[in-house]
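Undergrad: Below are the chains, spelled out letter by letter.
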Amino acid sequence: MRGCQQKAVTAMASVSNAPTHPDQTQPRVALVGNPNTGKSTLFNALAGMKVRTGNYPGVTIEKKLGTCELGDQEIELVDLPGTYSLAPRSPDELVAVEVLTDNVAAHGGVKLIVCVVNALLLQRNLFLVSQLLELGKPVVVALNMIDVAESRGIQINVERLSERLGVPVVATSAAKRTGITELKKTIADQLDSDTNEHERCRILPSEFYSAVATFRETLNSTSTKTGASESKISDLPDDYLLERMLLDRGGEPETRVIAQYGDSARVALTEIREQLAAELGDPIDIECNARYAWAREKLSAVFTNESHPSSPVTDRLDAILTHRVAGLVCFVITMFLIFQTIYTFAGWPMDLIDAASSWMSDSICAVMAPGMLRSLITDGIIAGVGGVLIFLPQIALLFLFLALLEDCGYMSRAAFLVDRIMTTFGLSGKSFLPMMSSFACAVPGVMASRVIENRRDRFATIMVAPLMSCSARLPVYLLLIAAFIPETSYIGGWLSLPAIVLMSMYMVGVVVAIPVAWVLKKTILRGEVAPFVLELPEYKVPSLAVVLSRVWDAGKAFVIRAGTLIFAASILIWFAGYLPGDHSKQYQLQTQIEQLDQSSEAAELLVVELNNESSKLLENSMLGRTGHFIEPVVRPLGWDWKIGVGALASFPAREVIIATLGTIYSLGGDAQEEGLVGALQASTYDDGTPVYSVPVALSVMVFFALCAQCVSTLLVIRRETNSWFWPILSFSYMTILAYIGAWLTYVVGSRFL
Amino acid sequence: MDLLRLILIKENLLETTLDQLRPGQQANIVRISGADGIASRLREMGFVPGELVKFVRPAPLGDPLKCFVHGSRIAVRCGEARRVYVKPVG
Ligand SMILES: Nc1nc2c(ncn2[C@@H]2O[C@H](COP(=O)(O)OP(=O)(O)O)[C@@H](O)[C@H]2O)c(=O)[nH]1
Ligand SMILES: [Mg+2]
Numbered sequence: 001m002r003g004c005q006q007k008a009v010t011a012m013a014s015v016s017n018a019p020t021h022p023d024q025t026q027p028r029v030a031l032v033g034n035p036n037t038g039k040s041t042l043f044n045a046l047a048g049m050k051v052r053t054g055n056y057p058g059v060t061i062e063k064k065l066g067t068c069e070l071g072d073q074e075i076e077l078v079d080l081p082g083t084y085s086l087a088p089r090s091p092d093e094l095v096a097v098e099v100l101t102d103n104v105a106a107h108g109g110v111k112l113i114v115c116v117v118n119a120l121l122l123q124r125n126l127f128l129v130s131q132l133l134e135l136g137k138p139v140v141v142a143l144n145m146i147d148v149a150e151s152r153g154i155q156i157n158v159e160r161l162s163e164r165l166g167v168p169v170v171a172t173s174a175a176k177r178t179g180i181t182e183l184k185k186t187i188a189d190q191l192d193s194d195t196n197e198h199e200r201c202r203i204l205p206s207e208f209y210s211a212v213a214t215f216r217e218t219l220n221s222t223s224t225k226t227g228a229s230e231s232k233i234s235d236l237p238d239d240y241l242l243e244r245m246l247l248d249r250g251g252e253p254e255t256r257v258i259a260q261y262g263d264s265a266r267v268a269l270t271e272i273r274e275q276l277a278a279e280l281g282d283p284i285d286i287e288c289n290a291r292y293a294w295a296r297e298k299l300s301a302v303f304t305n306e307s308h309p310s311s312p313v314t315d316r317l318d319a320i321l322t323h324r325v326a327g328l329v330c331f332v333i334t335m336f337l338i339f340q341t342i343y344t345f346a347g348w349p350m351d352l353i354d355a356a357s358s359w360m361s362d363s364i365c366a367v368m369a370p371g372m373l374r375s376l377i378t379d380g381i382i383a384g385v386g387g388v389l390i391f392l393p394q395i396a397l398l399f400l401f402l403a404l405l406e407d408c409g410y411m412s413r414a415a416f417l418v419d420r421i422m423t424t425f426g427l428s429g430k431s432f433l434p435m436m437s438s439f440a441c442a443v444p445g446v447m448a449s450r451v452i453e454n455r456r457d458r459f460a461t462i463m464v465a466p467l468m469s470c471s472a473r474l475p476v477y478l479l480l481i482a483a484f485i486p487e488t489s490y491i492g493g494w495l496s497l498p499a500i501v502l503m504s505m506y507m508v509g510v511v512v513a514i515p516v517a518w519v520l521k522k523t524i525l526r527g528e529v530a531p532f533v534l535e536l537p538e539y540k541v542p543s544l545a546v547v548l549s550r551v552w553d554a555g556k557a558f559v560i561r562a563g564t565l566i567f568a569a570s571i572l573i574w575f576a577g578y579l580p581g582d583h584s585k586q587y588q589l590q591t592q593i594e595q596l597d598q599s600s601e602a603a604e605l606l607v608v609e610l611n612n613e614s615s616k617l618l619e620n621s622m623l624g625r626t627g628h629f630i631e632p633v634v635r636p637l638g639w640d641w642k643i644g645v646g647a648l649a650s651f652p653a654r655e656v657i658i659a660t661l662g663t664i665y666s667l668g669g670d671a672q673e674e675g676l677v678g679a680l681q682a683s684t685y686d687d688g689t690p691v692y693s694v695p696v697a698l699s700v701m702v703f704f705a706l707c708a709q710c711v712s713t714l715l716v717i718r719r720e721t722n723s724w725f726w727p728i729l730s731f732s733y734m735t736i737l738a739y740i741g742a743w744l745t746y747v748v749g750s751r752f753l
Numbered sequence: 001m002d003l004l005r006l007i008l009i010k011e012n013l014l015e016t017t018l019d020q021l022r023p024g025q026q027a028n029i030v031r032i033s034g035a036d037g038i039a040s041r042l043r044e045m046g047f048v049p050g051e052l053v054k055f056v057r058p059a060p061l062g063d064p065l066k067c068f069v070h071g072s073r074i075a076v077r078c079g080e081a082r083r084v085y086v087k088p089v090g
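Protein chains in written order, with our numbering: chain A, 1 to 753; chain B, 1 to 90.
Derived by calculation from the structure, the hints in this document are not laboratory data.
Just so you know, not all the hints are guaranteed correct.
From the structure, some residues in chain A lie toward chain B, with a derived Cβ separation under 7 Å [unchecked claim]:
#: 1; residue: Arg124
#: 2; residue: Arg202
#: 3; residue: Leu280
#: 4; residue: Asp282
#: 5; residue: Cys288
#: 6; residue: Ala293
#: 7; residue: Trp294
#: 8; residue: Arg296
#: 9; residue: Arg324
#: 10; residue: Leu328
#: 11; residue: Phe416
#: 12; residue: Leu417
#: 13; residue: Arg420
#: 14; residue: Pro531
#: 15; residue: Val533
#: 16; residue: Leu534
Lysine to any residue pairs mimicking SDA-like chemistry, simulated, CA-CA at most 20 Å apart [unchecked claim]:
#: 17; chain 1: B; residue 1: Lys54; chain 2: A; residue 2: Ser750
#: 18; chain 1: B; residue 1: Lys54; chain 2: A; residue 2: Val694
#: 19; chain 1: A; residue 1: Lys540; chain 2: B; residue 2: Gly71
#: 20; chain 1: B; residue 1: Lys54; chain 2: A; residue 2: Ser549
#: 21; chain 1: B; residue 1: Lys87; chain 2: A; residue 2: Asp285
For clarity, every value in this text was computed on a predicted model and none was experimentally measured.
Don't be surprised by glycine CBs; every beta carbon is placed ideally from N, CA and C.
Next up, chain A with everything else stripped away, as it sits in the complex (with noise of 0.2 Å):
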């Protein structure tokens, strides 16, 4: 769905109108620290409602800036994402560092960083503080779920902790909104303190430090003798990033200046790197031995009791949940339930939309003639819209259960049982949480492409990610099972026909993205398997916060784009499937028919006769005229013209068919009480064969599964991609499996049912 799409948008427009600071009087802070540990939590905490999302410049590194008022002060907050370490090893990471260390002005400096770390990974945490230090920046420590670590029985000496580290340390729970006070008091006093003159921390051996001195003058020296201009010297990278040269082996660092300064640059690399080696020991070692002793150190008797329990409900619930049977078989019940759930609990809130949406359309028809207007109104606006509407409970469940199933802890250990499973057919574990969000909407879904470090795993993610099924498409499932698949049920009504149905239309996504990811492994993305490290956090009851600002984000997007896109794209089918033509016949048979008892012999004479007019006058509308010239295309599909037009103008967004199959049915004189579902099931061709047969409501599901129809995924694919390669070749490889899929689905369907 289209949560997304309005974010992806704002995005993009972020990046075009560049200047990312647009108050120069703001200070800026950086909310920085490992993954899990409440950084967007008390960003929330902190900024309140006033959050923008946006990307940097170029890069597919996420931005989001919030406002804080400290007292008499605003800050502008930035929230990066989760790292464990401040090691670059792609372009993206890169940003990230360059916006802590104000390498890139453009991104506007960061005058202070707030470090959050979690309680209960106190030791492991501090080595990203560590580097955090070395920065030189004010650096304030958010000592995060403190409300956790107390219910353990684990006590933190916070005064003795922020003497050690030589920072503020300030104890929060950013769930419980507890420290948030404190904490913005500090960061106030800190950056009214004089801040720019920070000492940097230097917690690696001083050889190290030498070493990156020389390597400093040797850059120095070659950037002369190549005879580069002076520019070129105060281009240096800063300390951080040399330092970062020397520590990580082939990391981004190391490929930027190689670049820039040529061959000599690798050599003098290789030379400092030996010469450490031999004194100290490999620089990875040296790097990691330092900052743990560091950790150790600066932790001894922080800890006012030694235990540190950790979670024994996480043990024994993971026991179960990742067994090797009980785990996949509660694996394959919990999907299976939210589609159940989905397809059975949204019932009785979708009939209260539909019959308020009746409702308004029969009380416009009781105070407005029949005319152009009201046609406008009740077979465009209405028809289209409501249609789309109707929707929204299913959606509102959807997102529901996959913000319950990331919150409480487990979809990581979802991507823990089925890596294997990934693995063979080219993706990762990783990829399952982007391919799980893509059954929402495949716009956050690319998004979440980005916890894979892989470019190669990305890509194939990137490309089968709309492959799933996305709340968009749902309507179009549930339209048509509604309308032809019968409600027989089985096991004492466990189990429901059109729930099976429903479920294989998610699968079909699912199958036909093992062997598309395989191929793209094979050809165009081959290359060495990407490792895989993963972190499990601690099971814990879902915040209803959280859960619930997603499924509000997530249901007023959708409305959103039900009142502008949909409409839009209602009006304009409604025009096309208005003109030309003459509608004054019709209107005075709607008139007579309205003037008589509505059960009397001759308005039921009429009505036939209405209802032949309404059709021949869409047949010879311009959209009647645009489906007929399609129909040789759409008829080894089994499909009639009003699906193809349907199809056709459903290109820019899936749900459009809905609303463009409303339009026809209702202008067409076809929609009866029982609505759409109705309609479809009484559209007769001329001769009076049913249009829909089961063969033919299964092959425009398939197609409808595997279409590229949303322009706002190829979009968000091509800025996460920074090519038109890709999403190209997604619309082109989805568009032509959807025809094939819903051409052989059609020829099997209609030979064995």
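Knowing the structure of chain A, use the given hints to seat chain B with the ligands on it.
TA: This is chain B with the ligands only, laid out in the frame that chain A set:
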């Protein structure tokens, strides 16, 4: 020779790799081979020489492996686990 090796491993006298441990077995990390991005990622996430690691259990299909190290649960594939040299305890 193999038999001898097996006995030695069993008696915790020889170092082995993380993927060779029994489910539930604990070991001390001795070293991590390699100096590339994967090696540093493992270190950042808590696989540090001297640290105690517990191999909790493999995923249903044998890969990846769930471990407990430095206070948190971390899943690594066998490929990465083979780079972690350990000496079993207890
Ligand atoms: N108990 C507790 N839970 C928290 C706290 N802070 C965050 N959480 C929860 O931890 C989870 C991860 O938080 P999130 O903000 O998404 O972490 P991020 O990955 O660092 O952005 C969410 O489910 C939060 O509700 C806290 O202080 N106490
Ligand atoms: Mg976050």
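Undergrad: Each of the hints needs a verdict: does it hold here or not?
TA: Hint check results:
1. Arg124: With a closest approach of 5 Å, the Arg124(A) hint holds.
2. Arg202: Violated. Min distance 20 Å.
3. Leu280: At about 13 Å, which exceeds the 7 Å cut-off, the nearest Cβ of chain B leaves the hint on Leu280(A) violated.
4. Asp282: holds, 5 Å
5. Cys288: holds, 4 Å
6. Ala293: At about 10 Å, which exceeds the 7 Å cut-off, the nearest Cβ of chain B leaves the hint on Ala293(A) violated.
7. Trp294: With a closest approach of 12 Å, the Trp294(A) hint is violated.
8. Arg296: violated, 10 Å
9. Arg324: Check passed: Cβ of Arg324(A) comes within 5 Å of chain B, closer than 7 Å.
10. Leu328: holds, 5 Å
11. Phe416: Status holds, d = 5 Å.
12. Leu417: Hint on Leu417(A): holds, closest Cβ of chain B at ~6 Å, below 7 Å.
13. Arg420: holds, 4 Å
14. Pro531: Holds, about 4 Å.
15. Val533: holds, 5 Å
16. Leu534: holds, 5 Å
17. Lys54(B) with Ser750(A): This hinted pair is violated, its Cα atoms lying about 57 Å apart.
18. Lys54(B) with Val694(A): violated, 55 Å
19. Lys540(A) with Gly71(B): The given pair, whose Cα atoms are some 16 Å apart, holds under the 20 Å limit.
20. Lys54(B) with Ser549(A): Violated: Lys54(B) and Ser549(A) sit about 38 Å apart, past 20 Å.
21. Lys87(B) with Asp285(A): holds, 19 Å
Hint compliance for this structure: hints 2, 3, 6, 7, 8, 17, 18 and 20 are not met, and every other hint is.
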